[in-house]
Amino acid sequence: MHDLSCTDLTKRFGTFTAVSDVSLDIPSGSFFSILGPSGCGKTTLMRMIAGFENPSAGDIRIKGESVLALPPNKRNVKMVFQHLALFPMMTVGENIAYGLRCRKEPKHEIGPKVARVLERVGLPGNEDKKIDQLSGGQKQRIAIARCMVLEPDVLLLDEPLGALDLKLREHMKIELKQLQHQFETTFLYITHDQSEALVMSDNVAVMNAGRFEQIGAPKDLYDAPASGFVAGFVGDATVLEGKLGEVRGSQGRVVLEGGQEVVGSVSDSSTTGDTVEVFLRPEALRLGDGEPGCRLGGTVDSLLFNGASSRILVRTGRHLIEVADPEQRSGVSEGSTVNVCWSADRARIFARRPDGGAIV
Amino acid sequence: MSRDAGRLSLILLFTPFALWIALLIILPQLGIGYVSIREKVGINQYEYGFKNYVDFITEPVYRNTLLRTAWMSILVTALALIIGFPIAWYIAKIARERSRAALFLMCLIPLWVSDLVRAYGWIVLLRETGVISMTLVKWGIISQPIEMLYNDMTVIIGLVYTVILFMIVPLVSTLQGMDDALLEAGYNLGGSRVTVFRRIIVPYAMPGIVAGCIITFMLTAGSYLTPILLGGKNSSWFTEQIYNQFITRYNWESGSAFGVSLLVFTSFVVWAGLRLTGQSLATTVAKE
Ligand SMILES: Nc1ncnc2c1ncn2[C@@H]1O[C@H](COP(=O)(O)OP(=O)(O)OP(=O)(O)O)[C@@H](O)[C@H]1O
Ligand SMILES: [Mg+2]
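Going line by line, the protein sequences match chains Z and A.
Adding 1318 to a residue's 1-based position in the first sequence gives its number in our numbering.
Adding 662 to a residue's 1-based position in the second sequence gives its number in our numbering.
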């Protein structure tokens, strides 16, 4: 049974299609993320699910029932807004009680429910605080508590961490995941930050220009991207452009602009003669001599230290290749001549992306 | 050095404001207050006491006129709020950026012409031989010309028309500050239209509502030309009594006492209104 499913959902504003033929099924109790660049239609999709926009086509079902005919206040999906939208003229307790009072719950049950949910989000006894007395992270938790007290079928979160500073964002990522476990509610989380999506989700849908490019577990998206867009958007990768030469099985030979030849696995329907891009993950690369076609020579351009995710930038021709170098164990020095190598199945070849993969 | 300069600029900035308050507001009020507690007993001979106020309170005509003025002003304020709120909502939330300025200007139009001309405009429209009455006769809707001036209804309509801008402006400015996401959150959490209006929009707009109501009420209670010209002899507006004391009777002492009474009473009404609605000046007007 799926808590939320959408079929062929489409939204057009005039001639512009913001969301196009999106289908998704979210199993009960899972954490589902929609990851995509700014303006790709994520908010529009969520607003359709919440009932603030009418789809131009397609269906939305919650717990198996179509909700297209229901107004927003009758749908049991609650939403954490991008800027939280806590009611500034109410106290924390009143904010949380608002939904319960709208449901006409008996007065004597509201108080204990509010206290209990505050306890669950780790802010017990804060009922009488004013909203502007809370820190960013506390507001976040109140916004979630305000929804969770209503026991929704699905909780929608629209980039709720966007307004927080980096440190707090890292912290809230983990906390959100824990809250989701604790409440055992289905979360639909929207973000343009790939690390948020990868860290927290059971499943991620990568969205681009109104369409879903791929739906899968974070590891699948990372290890087996279905398109150049996903390969470029999820995780780091060095991209080398070239022309696809001979293809044998899934292996293809690409002639780079500089004339070098590299071998990789063709991961979409590109055929000989197509302009393609080769994606190399930093951690799939090593310094050293590999098989022919699976190596490139260059000079060390710079060393970027960042603990376990330190990098070496190797310049070959006009490309800078990012090579993982955990804790800088390799010990190379800037300016030295090195070879970068990989195994052919970890270099992925996709048709060239129309915009050259520019991320806005 | 720089501290002295800072202090000097503070003084320079503050002086005109202080002078304005002192010379144009406090001093005249003190003068009125002073005149109101003296009584003429002979040529250039005065006694001091509260006789003017006692006269005012013991004379039912004066008392009732003041109460009537207050009631009508409250009514005008309420009507201005009821009519002004949707207009303000439209300007702040629904209208496009470009038409917003035009709509604001349209609300300003009543203020472009003077009080007097505006009142005469209403008279031209509403009198027995006026435009509306004549048109209705011509169309055969009524058989006899009717007099639409000189009744409370007309006075109220004229006053609402005059003061509604002062209700709309503060409302628009508070409503513009409201994030639409608050409304959506209100619906999303299960609120009906009525709930969202009552529990989110009204509390949010409260500073604007209070400011608008105070301005509107004070302006209405203190207005003179509109009630006199549109209401004629029946208007019994309190400012008319003040005018009579000062100009017709040349009794400055009791006129001053009337003036002070009007100020005190309207202030009391505002205070009572704030208390009744659980608001305070500090948390509403001063907040924004
Ligand atoms: N009411 C509307 N009328 C016309 N176009 C709209 C409307 N709402 C959204 N759009 C357009 O739809 C596209 C998708 O908007 P949306 O807000 O869903 O993007 P998003 O993925 O949430 O982006 P972000 O990450 O920046 O929030 C945008 O190009 C936007 O201009
Ligand atoms: Mg958005």
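Check before you lean on any hint, since a few could be wrong.
Here are the simulated BS3-like cross-link-like pairs (lysine-lysine), alpha carbons at most 30 angstroms apart as the crow flies [what the hints assert, rightly or not]:
(1) Z:Lys1392 <-> Z:Lys1495
(2) A:Lys755 <-> Z:Lys1392
(3) A:Lys702 <-> Z:Lys1448
These aren't lab readings, by the way, just hints derived from the structure by calculation.
Hint check against the structure, violated hint numbers in rising order: 3
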